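Kindly produce the complete structure, drawing on both the sequences and the hints.
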Amino acid sequence: VRAHEYAECDIAVWPSNGGRYCVGQRERYRPCNIQDCPWDTLGFREVQCSEFNNQDVVSDNERCKLYCRVSGSAAFYLLKDKVLDGTPCDRHGDDMCIDGTCHKAGCDHRLGSEMKRDKCGICGGDGSTCRVVAGSYNERGSFGYNEVLKIPAGSANIEITQRGYRNQKDDDNYLGRELLEFKFHT
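Per the UniProt record's numbering, residue 1 is the first one in the sequence shown, and the count goes up by one each step.
It is worth saying that the hints were derived from the structure and are not from the lab.
Just so it is clear, the structure is predicted and the values come from calculations on it, not from any experiment.
Zero decoy hints are in this set.
Result set (DMTMM-like, lysine to aspartate or glutamate): computed pairs, CA atoms no more than 25 Å apart in a straight line:
id, residue 1, residue 2
1, LYS80, ASP95
2, LYS169, GLU147
3, LYS150, GLU139
4, LYS169, GLU159
5, LYS65, ASP81
6, LYS82, ASP95
7, LYS119, ASP94
8, LYS116, ASP90
9, LYS119, ASP95
10, LYS80, ASP90
11, LYS104, ASP36
12, LYS104, GLU114
13, LYS82, ASP99
Below you can see the structure in the form of structure tokens.
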């Protein structure tokens, strides 16, 4: 949201000189980059915290201030009174911070917009493009990793549940995910 218009009123344009009074907002903000970032990249707030080599922390009461956590610690500090204009107010929302205040924005990245994502995650969509992928694994697997389900890239609203033998709370199994680089993560 670096691009913004600033109205400057000058005596030469006043009505007595054949012009009009300046009306409306003196400043209007317009997001310059309206593309969504890839899902696996750092958020804009995290990028700002990384300048201080820390992790972001967003307080509900102060969403447009830059709080960063000290790496490897539970301590976090206020490092700037304002995040940069255009920073999302929270990690998964569309509202954005402008001049230290959270402003309503739609999924189209336009300030004041009411545009919402549908259940498929499509901005302004009608919910007709979703494809449900479901699976379960009840087999006695071999030692090591056993494939349960391939989740397509870009999937959202993923729910994974693990139940132990006879619904016991704990068991000796671990869920893992395999990324395209074929590295396992638990």
